[in-house]
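This note's numbering puts the sequence shown at residues 1 to 79.
Bear in mind the hints are in silico, worked out from the structure with no lab data behind them.
One should not assume that every hint holds.
Per label pair, the in silico range of CB-to-CB distance [claimed, not checked]:
#1 Q79 / L24: 41 to 47 Å
#2 F42 / Q79: 49 to 55 Å
#3 Y75 / L24: 42 to 48 Å
#4 L24 / L46: 30 to 36 Å
#5 F37 / A10: 36 to 42 Å
#6 I15 / V44: 40 to 46 Å
#7 L12 / Q79: 51 to 57 Å
#8 N11 / Y75: 56 to 62 Å
#9 F29 / E8: 27 to 33 Å
#10 I15 / I64: 54 to 60 Å
#11 L46 / L26: 30 to 36 Å
#12 T60 / V28: 37 to 43 Å
#13 Q79 / L6: 51 to 57 Å
#14 T60 / V20: 44 to 50 Å
Here are the simulated SDA-like cross-link-like pairs (lysine to any residue), alpha carbons at most 20 Å apart as the crow flies [said to hold, decoys possible]:
#15 K45 / I34
#16 K45 / S35
#17 K78 / A67
Ideal Cβ positions, reconstructed from N, Cα and C, are used throughout, including at glycine.
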Amino acid sequence: MVAQLLLEAANLMFIGMVAVFAFLLLLVFIVQLISAFMLRYFPVKLAEKASRIDSGSSTTSPAIVAAISAAVHQYRQKQ
Numbered sequence: 001m002v003a004q005l006l007l008e009a010a011n012l013m014f015i016g017m018v019a020v021f022a023f024l025l026l027l028v029f030i031v032q033l034i035s036a037f038m039l040r041y042f043p044v045k046l047a048e049k050a051s052r053i054d055s056g057s058s059t060t061s062p063a064i065v066a067a068i069s070a071a072v073h074q075y076r077q078k079q
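Start from the sequences and build out the full structure, keeping to the hints where you can.
Dropping the structure here:
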């Protein structure tokens with residue numbers, strides 16, 4: 001009786017793990033397919049990539065860099 005229940009539980013666990021693995025595999029495949037479709041029919045222009053990178057980086061003033069450097073130096077001296 002107990003062995004039969006354990007066998008049934010192991011069977012259900014195996015079926016569940018296979019189902020989850022199959023779903024995740026299908027999900028990865030669909031995401032890659034959509035990515036390839038988007039890159040093929042709606043390519044990102046090189047100028048747009050460069051402007052996104054440039055807009056994200058801001059110039060930091062030398063005073064802020066000096067303050068951060070001093071704080072790091074002071075922290076390292078305490079240890």
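Do the hints match the structure? See the list:
Our hint of 41 to 47 Å for Q79 and L24 holds, since their Cβ atoms are close to 44 Å apart. Checked against the hint of 49 to 55 Å, the C-beta distance between F42 and Q79 comes to roughly 51 Å, which is consistent with it. Taking 42 to 48 Å as the suggested C-beta distance range, the pair Y75 and L24 conforms, at roughly 43 Å. In this structure, L24 and L46 meet the distance hint of 30 to 36 Å, their C-beta atoms being roughly 34 Å apart.
Against the hinted window of 36 to 42 Å, the Cβ-Cβ separation of F37 and A10 comes to about 41 Å, which satisfies the hint. Take I15 and V44: their Cβ atoms lie about 42 Å apart, and the range 40 to 46 Å holds. Checked against the hint of 51 to 57 Å, the C-beta distance between L12 and Q79 comes to roughly 54 Å, which is consistent with it. Between N11 and Y75 the beta carbon distance is about 57 Å. The supplied range of 56 to 62 Å therefore holds.
Range check, F29 to E8: about 32 Å between beta-carbon atoms, so the 27 to 33 Å window is met. In this structure the hint that I15 and I64 lie 54 to 60 Å apart at CB holds, the actual value being about 58 Å. The supplied range of 30 to 36 Å is met by L46 and L26, whose beta-carbon atoms lie about 33 Å from each other. Range check, T60 to V28: about 39 Å between beta-carbon atoms, so the 37 to 43 Å window is met.
Checking the proposed 51 to 57 Å range against Q79 and L6 shows it holds: the Cβ atoms sit about 55 Å from each other. For T60 and V20, the Cβ-Cβ distance of about 46 Å falls inside the hinted range of 44 to 50 Å, so the restraint holds. With a C-alpha separation of about 18 Å, the suggested pair K45 and I34 falls inside the 20 Å cut-off, and the hint holds. Using a Cα cut-off of 20 Å, the hinted pair K45 and S35 holds, with the two alpha carbons roughly 16 Å apart.
About 17 Å separates the Cα atoms of K78 and A67, which keeps this hinted pair within 20 Å; it holds.
Hint check: no violations occur; every hint is consistent with the structure.
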